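Let chain A serve as the given structure and place chain B on it in line with the hints.
As they're listed, the protein sequences go chains A and B.
Offset between the first sequence (1-based) and this note's numbering: plus 19.
Offset between the second sequence (1-based) and this note's numbering: plus 19.
Hint data in this document are derived by calculation from the structure and do not stem from the laboratory.
Remember, predicted model here, so these are calculated numbers, not experimental data.
Take the hints with a grain of salt, since some may be wrong.
What the hints assert, rightly or not - Result set (DMTMM-like, lysine to aspartate or glutamate): computed pairs, CA atoms no more than 20 Å apart in a straight line:
| hint | chain 1 | residue 1 | chain 2 | residue 2 |
| --- | --- | --- | --- | --- |
| 1 | A | 134 | A | 79 |
| 2 | A | 27 | A | 102 |
| 3 | A | 134 | B | 40 |
| 4 | A | 95 | A | 40 |
| 5 | B | 134 | A | 130 |
| 6 | B | 134 | A | 93 |
| 7 | B | 95 | B | 153 |
| 8 | A | 71 | A | 130 |
| 9 | B | 113 | B | 79 |
| 10 | B | 134 | A | 187 |
| 11 | B | 113 | B | 130 |
| 12 | A | 134 | A | 188 |
| 13 | A | 134 | B | 74 |
| 14 | B | 69 | A | 74 |
| 15 | A | 27 | A | 74 |
| 16 | B | 59 | B | 74 |
| 17 | A | 134 | B | 102 |
| 18 | A | 69 | B | 79 |
| 19 | B | 134 | A | 125 |
| 20 | A | 134 | B | 125 |
Stated by the list, open to error - Sample of chain B residues facing chain A (criterion: CB under 8 Å; computed from the structure):
| hint | residue |
| --- | --- |
| 21 | 23 |
| 22 | 48 |
| 23 | 156 |
| 24 | 159 |
| 25 | 185 |
| 26 | 203 |
To be verified - To spell it out: a stretch of chain B is covered by chain A in this simulated footprint if at least three of its residues, at any positions, have a beta carbon under 8 Å from a beta carbon of chain A; those stretches are:
| hint | segment |
| --- | --- |
| 27 | 29-42 |
| 28 | 66-77 |
| 29 | 81-92 |
| 30 | 129-139 |
Where a beta carbon is used, it is the ideal one built from N, C-alpha and C, also for glycine.
Protein chains: 2
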Amino acid sequence: MARVTGTKRAIFDAALQLAGERGITGTTMDDVAERAGVAKGSLYYNFASKDKLFEGLLCEGMTALTEALRAARDGKSGWVAIEALVTTLLGRIKANTALAKVIAGDIFRTDRAWKETSFAFRQDALAEFAAAIDEAAPEAATTGATLLMASSVFGAALVAGLEWLLFDEERPQSEVVAAILLTFSGRLAPVTR
Amino acid sequence: MARVTGTKRAIFDAALQLAGERGITGTTMDDVAERAGVAKGSLYYNFASKDKLFEGLLCEGMTALTEALRAARDGKSGWVAIEALVTTLLGRIKANTALAKVIAGDIFRTDRAWKETSFAFRQDALAEFAAAIDEAAPEAATTGATLLMASSVFGAALVAGLEWLLFDEERPQSEVVAAILLTFSGRLAPVTR
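Next comes chain A alone, as it looks inside the complex (with noise of 0.2 Å):
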């Protein structure tokens, strides 16, 4: 999906500021005219309803993020690969911290109208995850953990990146990222292997 330009980016910034303040429920689609500066008519003519907004906006942010995080693991593997991924996701949670909010907090939602392309853009994101995880431990693919391993490692870099960028922002992004890897370096466990 390209990026939007023009006043569907004017629509989708506003919108995406409104919800990063005060959630989706909780912006109308008075408050994104009035925010993007356009006409009623323009939004409506843009955006059908709100939930047709949200779920453009949330399209266009997931899609990226799963682009970025291809690029990231291309022509590496295992380890590496993990690594570049936690790197590049908190990379865009940095940029676009009040995106990342709005996803944290829709992710889990199962009342909206965009649920279901919700959901298969958390799998396509959790898959890149899930086929560098394949790679560092293959006998994960065995037991059918890969999936809940992905979004073990998703969860932790998502979690840990929104409290450093809301709550302890003036930590380099380097450290952020040396302790989410030391979390599953196998430091915190015990020798087994």
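Same frame as chain A, but now just chain B:
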């Protein structure tokens, strides 16, 4: 905080059901009164506002979670304590999935009237993970990485746990705990220790 009973319990249960279905912002005091089967006067007698109601509900849930985590860690240390904490968190998410969804959706909202309360409770819950991490990897404390690692473990269990309960609920709980712990076991990383 003692677990509330009677009319307050009925109000909490109704509010949690509704917020699990449509989010906190999408839930009104009228909805809560109707679902709980209490008169609006009685609802407002118990909670002066929707903010007070949800602050009370989240406080009760986070207090119960922190007490359960503290009990799980009691008498254990290091990796064994981390295993117990992850197992307990998963058990709580399974026992009260609606509450876990509401907490997950709310944890990074910075616009809530109860955001300071929410922050304090999150720090209390994370402190249990941080204590176990400091025991397992003392060098984490010296680099200031402990709290980020605690967020990573908490985030991994929260996201993988919700993924399990919402989209893969037939899987036995023991397999989910095992997959999360495998993520931290070091099996993903090259041998460096």
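Results of checking the hints against the structure:
{"no.": "1", "hint": "A:134 with A:79", "result": "15 Å, holds"}
{"no.": "2", "hint": "A:27 with A:102", "result": "35 Å, violated"}
{"no.": "3", "hint": "A:134 with B:40", "result": "13 Å, holds"}
{"no.": "4", "hint": "A:95 with A:40", "result": "37 Å, violated"}
{"no.": "5", "hint": "B:134 with A:130", "result": "24 Å, violated"}
{"no.": "6", "hint": "B:134 with A:93", "result": "40 Å, violated"}
{"no.": "7", "hint": "B:95 with B:153", "result": "13 Å, holds"}
{"no.": "8", "hint": "A:71 with A:130", "result": "14 Å, holds"}
{"no.": "9", "hint": "B:113 with B:79", "result": "17 Å, holds"}
{"no.": "10", "hint": "B:134 with A:187", "result": "16 Å, holds"}
{"no.": "11", "hint": "B:113 with B:130", "result": "28 Å, violated"}
{"no.": "12", "hint": "A:134 with A:188", "result": "31 Å, violated"}
{"no.": "13", "hint": "A:134 with B:74", "result": "27 Å, violated"}
{"no.": "14", "hint": "B:69 with A:74", "result": "28 Å, violated"}
{"no.": "15", "hint": "A:27 with A:74", "result": "13 Å, holds"}
{"no.": "16", "hint": "B:59 with B:74", "result": "19 Å, holds"}
{"no.": "17", "hint": "A:134 with B:102", "result": "32 Å, violated"}
{"no.": "18", "hint": "A:69 with B:79", "result": "33 Å, violated"}
{"no.": "19", "hint": "B:134 with A:125", "result": "18 Å, holds"}
{"no.": "20", "hint": "A:134 with B:125", "result": "18 Å, holds"}
{"no.": "21", "hint": "23", "result": "26 Å, violated"}
{"no.": "22", "hint": "48", "result": "15 Å, violated"}
{"no.": "23", "hint": "156", "result": "5 Å, holds"}
{"no.": "24", "hint": "159", "result": "7 Å, holds"}
{"no.": "25", "hint": "185", "result": "6 Å, holds"}
{"no.": "26", "hint": "203", "result": "6 Å, holds"}
{"no.": "27", "hint": "29-42", "result": "holds (count 3)"}
{"no.": "28", "hint": "66-77", "result": "violated (count 0)"}
{"no.": "29", "hint": "81-92", "result": "violated (count 0)"}
{"no.": "30", "hint": "129-139", "result": "holds (count 3)"}
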